[in-house]
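Trainee: Using the hints provided, position chain B relative to the given structure of chain A.
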Amino acid sequence: MENPYLPYPVRIDDIQIATEDKSLKTFKFVFLNEGDEEKFAYHAGQFAELSIPGVGEIPIGIASSPVEKGFVKFTVFRAGVVTSHLHNMKIGDIMGIRGPLGNWYPWDKLENKNVVIIGGGFAFTTLRSSIVYMLDPANRSKFKNIDVVYGARSPGMLLYREELFEWERRDDINMHITVDGTDDPDWKYHTGFVPQVVEQNAPKADEDTYAIICGPPIMIKFTQPSLTQLGYKPHQIIMSLENRMKCGIGMCGRCNIGKELVCKDGPVFTLDQINQTPKEY
Amino acid sequence: MKFITIDKKDWTQGIDKSRKTYQLFGPVTDENGCKIKELDADVAPDMDYHESVMSAKSVLFPQSETILTTSLNEAVDDHHIMKRAENTYTPRAILGIRPYDAKAILLVKLNFDTDDYRDPYWCDAYEATTLVGLGITKPGPFDFSTSVGCGPFCEEGLDILLADLDDHYLAKVLTPKGEAYAAACGFDAAADDKESQALFDILQLEAEKNITSRVETDKLKDKVLLDLHEAPFWDDIAFACINCGTCTYVCPTCWCFDIQDEVKQKQSSRFRNWDTCMSPLFTRHATGHNPRGAKVQRVRQRFMHKLKYFLDKYDQGIMCVGCGRCVKSCPVNIDIRQVAHTMNTFEKKD
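Going down the list, the sequences are from chains A and B.
Just so you know, we're using our numbering here: the first sequence kicks off at 56 and counts up by one.
Just so you know, we're using our numbering here: the second sequence kicks off at 18 and counts up by one.
Next comes chain A alone, as it looks inside the complex (with noise of 0.2 Å):
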């Protein structure tokens, strides 16, 4: 078995700037090594360390879809000491990657059935992973409706913009984009807050439909209610959680809420789960 604090050495190849207040940017990765790319072979929900020699570790969402080949992409909030240096690298820099770590969202068990994904701020990325997965071709069919609830402070703090407008214009996924507020005359979309346009808009549950929620703890608070009155039971609720890591896989103790690491049991778990352990995230 290989030594799992080895990170693979990647370049970075590319890095966009995601928010109109630079706070976020989006790092691509090509893997030096050939074969660490099929190692690295992921599903939509994980997370990755991102490793910086010299720096330290982070523990961060794959933005990027397994569907999509030749490079992995993470989008990353300017928070920390790593953060903060990450957000100062430059193209053709080296660095490291370990994982993919975690589970993943349940794939499986979504299969035929209607998936609402809702999301919030900067907690978009395993988010927009899932839809680009979801929506490629060879997957589509898998899944019934999909309906996405995406919410920022201001149109030039959502994530992932185009693609969120082309989605918009498709006739196979059906978008309610939000933003808190907005001076915008032209703005298309909704405005208010993320609990209040799932209220108004997310379908109501049956048993075939199920929720994906990422986002601040605030939001998330707040929308729990919204959809227990559209009928979703918390078996049908699934979220990501987030907490202060360093191994990522289970080793090092702090991740813990109760018995489950939220590193290696998590990061992904039903409210069901939730429900039984203390609420330490």
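Careful: at least some of the hints might be erroneous.
As the list claims (entries may be wrong) - Once the Cα atoms are required to be at most 20 Å apart in a straight line, the calculated EDC-like pairs of lysine to aspartate or glutamate come out as:
#1 A:Lys-199 - A:Glu-166
#2 A:Lys-124 - A:Asp-91
#3 B:Lys-100 - A:Glu-57
#4 A:Lys-314 - B:Asp-235
#5 B:Lys-312 - B:Asp-252
#6 B:Lys-25 - B:Asp-183
#7 B:Lys-54 - B:Asp-33
#8 A:Lys-314 - B:Asp-24
#9 A:Lys-334 - B:Asp-244
#10 A:Lys-334 - B:Asp-252
#11 A:Lys-314 - B:Asp-329
#12 A:Lys-145 - B:Asp-95
#13 B:Lys-236 - B:Asp-329
#14 A:Lys-314 - B:Asp-332
#15 A:Lys-94 - B:Asp-132
#16 B:Lys-330 - A:Glu-335
#17 B:Lys-330 - A:Asp-327
#18 A:Lys-314 - B:Asp-130
#19 B:Lys-281 - B:Glu-82
#20 B:Lys-126 - B:Glu-144
#21 B:Lys-100 - A:Glu-92
#22 A:Lys-199 - A:Glu-262
#23 A:Lys-80 - A:Glu-123
#24 B:Lys-283 - B:Asp-95
#25 B:Lys-211 - B:Asp-181
#26 A:Lys-314 - B:Asp-133
#27 A:Lys-197 - A:Asp-227
#28 B:Lys-100 - A:Asp-148
#29 B:Lys-312 - A:Glu-335
#30 A:Lys-314 - B:Asp-33
#31 A:Lys-314 - B:Asp-239
#32 B:Lys-194 - B:Asp-205
#33 A:Lys-145 - B:Glu-91
#34 A:Lys-314 - B:Asp-244
#35 B:Lys-330 - A:Asp-320
#36 A:Lys-334 - B:Glu-247
#37 A:Lys-168 - A:Glu-92
#38 B:Lys-126 - B:Asp-141
#39 B:Lys-100 - A:Asp-91
In short, the hints are calculated from the structure, not lab data.
Mentor: Okay, now just chain B, sitting in the frame of chain A:
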């Protein structure tokens, strides 16, 4: 199974002989008390020690250990590409390890050697290590090992168990690793199996009689995890705690660690250090949000991990071997035995 008699006059000579192939660790006593550490060529283990301040866990899990290295100098080939640090894993033996510390290594193994991932640093060290235990004939007042599936002559995890019989040791060789170590020392004076086992049984009974401290943990398994987590007693338990982390460092079963990078003259190292769940930084997010930001949450985490999460996850008992070090070392007298009792007897009021 095989018993060997080792005359104490031959002990030092024997272990010195083993130094050709083994790196030796053992109890060393100085003005700061007894520690398990590497034995320099001219140092013999202090086999008369009672308790060591720190456990033997550091032999397999050093307090600070380099795991990866690379050069940041762009003129060097392979710069910024991390490689495993060149640690050596030559055979090593821990002499005089207490049975509870050996059992603790088996519990820690559950964390570092899993079906999904193998921690190569801990596992390679584990595989290289032979554990030569020393039975406890005079248990200290903090020892409650018999309450938690261990004991003064517990063999779990050991390769050899020694009994101190004044002028000689009686050695019970438990594994092929133990046989190899005895052979490397030249210890080969066979003792009668039946008589020797009878002697071990007596010693064990005598020693266990001297352990007066008991704690019941039998009901923990059936408690509802969230009931214990939300129980009203945590504020009282945590009240005096100063979050110093001593309990976690002296504990033979605490394995939590941190990973940090360091750069010296363009040479970068990634290493891991012992960490402690008592520290607020242990769980603080980059945003400042902290899921265990309050002291009581951290104290609860430590006891819930040892006495409930671990038990529920592995079904191999609690994560405690009853050495009593945390009880003895705690500056404010927080006692895991009382906490275990409180948890074990807790009934949720509806």
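Trainee: Would you mind marking each hint as holding or not holding in the structure?
Mentor: Hints, verified against the model:
Distance restraint check for Lys-199 (chain A) and Glu-166 (chain A): the Cα-Cα separation of roughly 8 Å lies within the 20 Å cut-off, and the hinted pair is therefore satisfied. Simply put, Lys-124 (chain A) and Asp-91 (chain A) have alpha-carbon atoms about 12 Å apart, close enough for the 20 Å limit, and the pair holds. As the CA atoms of Lys-100 (chain B) and Glu-57 (chain A) are separated by approximately 12 Å, the hinted pair is consistent with the 20 Å bound. The suggested pairing of Lys-314 (chain A) with Asp-235 (chain B) holds, with an alpha-carbon distance near 19 Å, which does not exceed 20 Å.
Taking the CA atoms of Lys-312 (chain B) and Asp-252 (chain B), the gap is near 9 Å; set against the 20 Å cutoff, the hint holds. Straight-line distance between C-alpha atoms of Lys-25 (chain B) and Asp-183 (chain B) comes to about 8 Å, which keeps the hinted pair within the 20 Å bound. At most 20 Å may separate the alpha-carbon atoms for a hinted pair to count; Lys-54 (chain B) and Asp-33 (chain B) meet this at roughly 16 Å. Between the alpha carbons of Lys-314 (chain A) and Asp-24 (chain B) the distance comes to roughly 48 Å, so the proposed pair goes past 20 Å and is violated.
For a cut-off of 20 Å, the pair hint linking Lys-334 (chain A) to Asp-244 (chain B) stands: about 13 Å separates their Cα positions. At most 20 Å may separate the alpha-carbon atoms for a hinted pair to count; Lys-334 (chain A) and Asp-252 (chain B) meet this at roughly 17 Å. The suggested pairing of Lys-314 (chain A) with Asp-329 (chain B) holds, with an alpha-carbon distance near 8 Å, which does not exceed 20 Å. Proximity of Lys-145 (chain A) to Asp-95 (chain B) is assessed by CA-CA distance (about 18 Å); at most 20 Å being required, the pair is judged to hold.
In summary, the hint linking Lys-236 (chain B) to Asp-329 (chain B) is supported, as the alpha carbons are separated by about 12 Å, within the 20 Å threshold. For the proposed pair Lys-314 (chain A) and Asp-332 (chain B), the alpha carbon gap of about 12 Å is at most 20 Å, so the pair holds. Using a Cα cut-off of 20 Å, the hinted pair Lys-94 (chain A) and Asp-132 (chain B) holds, with the two alpha carbons roughly 18 Å apart. Between Lys-330 (chain B) and Glu-335 (chain A) the CA atoms are separated by roughly 18 Å; this keeps the pair inside 20 Å, and the hint holds.
Taking the CA atoms of Lys-330 (chain B) and Asp-327 (chain A), the gap is about 18 Å. The hint holds against a cut of 20 Å. A hinted pair counts as satisfied when its Cα atoms are at most 20 Å apart, and Lys-314 (chain A) with Asp-130 (chain B) qualifies at roughly 17 Å. Distance check on the hinted pair: Lys-281 (chain B) and Glu-82 (chain B) sit about 16 Å apart at the alpha-carbon level, within 20 Å; holds. Using a Cα cut-off of 20 Å, the hinted pair Lys-126 (chain B) and Glu-144 (chain B) holds, with the two alpha carbons roughly 11 Å apart.
Under the criterion of a C-alpha separation no larger than 20 Å, the hint pairing Lys-100 (chain B) with Glu-92 (chain A) is consistent with the structure, at around 19 Å. Proposed proximity of Lys-199 (chain A) and Glu-262 (chain A) is supported: the alpha carbons are some 13 Å apart, at most 20 Å. Simply put, Lys-80 (chain A) and Glu-123 (chain A) have alpha-carbon atoms about 19 Å apart, close enough for the 20 Å limit, and the pair holds. Note on Lys-283 (chain B) and Asp-95 (chain B): the hinted pairing holds, with a Cα-Cα distance of about 13 Å set against a maximum of 20 Å.
Proximity of Lys-211 (chain B) to Asp-181 (chain B) is assessed by CA-CA distance (about 18 Å); at most 20 Å being required, the pair is judged to hold. At most 20 Å may separate the alpha-carbon atoms for a hinted pair to count; Lys-314 (chain A) and Asp-133 (chain B) meet this at roughly 17 Å. Simply put, Lys-197 (chain A) and Asp-227 (chain A) have alpha-carbon atoms about 12 Å apart, close enough for the 20 Å limit, and the pair holds. The suggested pairing of Lys-100 (chain B) with Asp-148 (chain A) holds, with an alpha-carbon distance near 18 Å, which does not exceed 20 Å.
Annotation: proposed proximity of Lys-312 (chain B) to Glu-335 (chain A) holds, straight-line Cα distance about 13 Å (limit 20 Å). For the given pair, Lys-314 (chain A) sits about 45 Å from Asp-33 (chain B) by alpha-carbon distance, which is inconsistent with the 20 Å threshold. For the hint pairing Lys-314 (chain A) with Asp-239 (chain B), the CA-to-CA distance comes to about 15 Å; that is within 20 Å, so the pair holds. Distance check on the hinted pair: Lys-194 (chain B) and Asp-205 (chain B) sit about 15 Å apart at the alpha-carbon level, within 20 Å; holds.
Restraint check for Lys-145 (chain A) and Glu-91 (chain B): the C-alpha separation of about 14 Å stays at or below 20 Å, so the hint holds. In summary, the hint linking Lys-314 (chain A) to Asp-244 (chain B) is supported, as the alpha carbons are separated by about 14 Å, within the 20 Å threshold. Taken as a hint, the Lys-330 (chain B) and Asp-320 (chain A) pair is honoured in the structure, with Cα atoms around 12 Å apart against an allowance of 20 Å. Proposed proximity of Lys-334 (chain A) and Glu-247 (chain B) is supported: the alpha carbons are some 11 Å apart, at most 20 Å.
Of the pairs offered as hints, the one joining Lys-168 (chain A) and Glu-92 (chain A) is violated, with about 30 Å between alpha carbons and a cut-off of 20 Å exceeded. Proximity of Lys-126 (chain B) to Asp-141 (chain B) is assessed by CA-CA distance (about 12 Å); at most 20 Å being required, the pair is judged to hold. With a C-alpha separation of about 15 Å, the suggested pairing of Lys-100 (chain B) with Asp-91 (chain A) holds against the 20 Å cut-off.
Violated hints for the displayed structure, listed by number in ascending order: 8, 30 and 37.
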